[in-house]
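A.B. asks: Below are the chains, spelled out letter by letter.
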Amino acid sequence: MKSEDKTSRRVAIVAAGIVSPLGFGLTETLQSLRRARDCVTPVTAFSVEKTRCKTAAQIDDGRLLDKANRSRQSRRLHRASYMVMTALAELLERAREFEPEIAIVGTTSGGMSFGENFYRTLGNGGACSAALIANYPPQKQIIDAMEKFGINAPAQVIANACASGTNAIGHAFNAIRTGRCQRILAGGYDALSELVFVGFDSLQAATPEKCRPFDSNRSGMVLGEGAALLALEEFESARRRGAEILGEITGYGISTDNHHLTQPNPDGSGPRRAMEQALAQAQLEPNQVGYINAHGTATVLNDTAEGKAIAELFGEVPVSSTKSMMGHSLGAAGAIEAVVSLLALQHQFLPPNINFREAELSLNIVANEARDAQFDCTISNSFGFGGTNATIVLRRFAR
Amino acid sequence: MSLSIAGMSWVTPLGSNVNDVWQGLVAGEAAPIEILENAQNGARYLVRRVPPTATAHLPLHARLRRASAISRFAAAAGLAALAAAKTPPSLDRIALVFAISNGGVIYTRRFYADIVKSGAQSASPLLFPETVFNAPASHLAAILEISGASYTVVGDGAVGILALKLAEDLLASGDVDACLVVAAEEIDSLVCEAYRQWRFLRDPKKPETGRGMIMSEGAGAVLLKPSNGGIEIDQIVPGANFFRRSEASARLASVVSRLKNEIGFCVGSGNGTFIDRAERAAVGDEMPVYSPKIAIGESVGASVFWQLITAAKALEAGTLPGSSKPPVGSRALVLACGLNQQTGGLTVCFSARSH
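One line per chain: the protein sequences are Y and H, in this order.
Each residue of the first sequence is one higher than the one before, starting from 1 at the first, in the numbering used here.
Each residue of the second sequence is one higher than the one before, starting from 1 at the first, in the numbering used here.
Incorrect hints may have been included.
Said to hold, decoys possible - Computed from the model, here is a short list of chain H residues facing chain Y with C-beta under 7 angstroms:
(1) GLY28
(2) GLN121
(3) PRO129
(4) TYR151
(5) ASP169
(6) PRO238
(7) SER257
(8) LEU259
(9) PHE274
Derived from the structure by calculation, the hints contain no laboratory data.
Just so you know, these numbers come straight off a predicted model, no measurement behind them.
Idealized CB from N, CA, C, for every residue including glycine.
With the sequences and hints as input, model every part of the structure.
C.D. replies: Laid out in structure tokens, this is it:
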């Protein structure tokens, strides 16, 4: 294993906030994970009459808008902005004094549905609201949320497809680890949109059935949405000011698989390199990892490549894809799953991989029910179009 | 951390050879203006387009077969920046960082148009992957066989500063020896219409006026290495966001105040909108300011790279286009203000150090 530079800093997670189909906030999310709640429902936001897939995991709009406590000025913002605001509100409730130097977040499509409305309005000969245009770009949602809470930090928005959230957290981790920053707001967000939904349907990557990651009869993904944010701080700085430390990030790996724009190399070499790098940075042997939160989209191609890499590298380490419960939230997925991994470490349980019936690969799947377990380290994987692969390592913080 | 610019290249409506375009800017040339018409509503826009010859020499790589203009521009600029380096880096120790704003909008519009006109069942599985923001970066990584870190950063016209900051972080970590930082955009009527309705575009009936921006397309690329002499990026400062346009100048002034002194001139992002005044207020009346956008248009995500290359050439030549006096001072300021709240800046200098 590579030895870490002596000047390397530890990176603490001092607060987190989340909204996803699993719930609003950490407490609801924890309950849903323990109860193995299936959050997939029929799509209501747009017509799915002509798509093969008809379902997604969605956040209730009424509750979202109510939670976001919209002011007059913020009424025309995109719903992704309200998701980020909801996550940020929870984070700041737990760390009021947290002042990030920069926000590093991931997304794939920002306020895409506003872009769709713009196109449709134009086609109908109508005049578009400037709000549709101004609130559509992908950086706008994090800027809106920071404005609401008086945070005036630059926003570095990473769009590495479905790996965006993990890349954002991983890059933020490295920036603190190497002493470039002290405090970073990191995470990801994405809201369901017709264009993206139809896109995955057109690729036949989305399933009209249940989402069954790693099952031998898996038939594809279901989409989800949400936002999650982590307050990352240099460990000694956090300890000096008496901040509550929820956990640590200890490793990050990134690789690019040039096999195909949308398909991973079936030999699993791309994911494997990301996982190996992350372990090396965390100075961990594979058998020291107690849980793997897999990317696990339930597509034939992803799960074969990822499953092969996990099986070869980790053997019997428990694995689950929580996308089986909450769908694939794309740019938010890595951030949401980092929070899921953090909750698993804090509460010492293994989140379940629901809808699982029959194994195809030699993996230790946490099938259908959450399990109690004792472990100190977990990894979270995210892989995306374009061949981006990202893995982070999280460690339990023992007081 | 200082970063050497080991290679640089651009694809602009005025040409793709760094020196030729630079000489054109010094001579006061401007790229031709064309009219682009919107088939949806008949609106007309002034645009500056990259000539087809700019990408004619690209390798016959499978990834480029179906790729949109943005990916071709990016490939042309990225390959040329690498070729311009005296000592090309080992490709297993190089990271790719990409800056983008509107992205692959031509395919995005076509893909969504099919959904609207003919229904979801008509949507093309070939087009959808090309709509993803990181598709151009993925194509370039595949062409160059880069298998390490690759990041696509999205934002407004200041996104280039945030991408360069990310590259600086990667180089500071010591995990890579070099970073190829690329930015690209393509023109489409949908994006033009959005800016028109937002009242930022120049009136096509009054092309000679300085008010309003003219959209353009193209790419820019720089190969960065840890400081080793020559033209260097001295300091990169991503700025805070402005929530109202009236705040833009204060945010830019804050960026300038965090950059080192001895700045001789500014290559700004002025494009005929509120940005012009905000930048002037931020740097003061005395500072010579030049924006290449007056000659090659507003390329949004790629614009910071055009500014950076202009600044590097101005330092090298001791001349600032549009200025009768030679620039004084050892550093050039590249200042960036986007239309949608982001700001930032960097300084470029000439360093004699070399080892």
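A.B. asks: Decide, hint by hint, whether the structure agrees.
C.D. replies: Now for the hints, and whether the structure bears them out:
no. : hint   : verdict
1   : GLY28  : violated (34 angstroms)
2   : GLN121 : holds (5 angstroms)
3   : PRO129 : holds (5 angstroms)
4   : TYR151 : holds (6 angstroms)
5   : ASP169 : holds (5 angstroms)
6   : PRO238 : holds (4 angstroms)
7   : SER257 : violated (15 angstroms)
8   : LEU259 : violated (14 angstroms)
9   : PHE274 : violated (14 angstroms)
Violated hints, listed in ascending order, are 1, 7, 8 and 9; each of the other numbered hints is respected by the structure.
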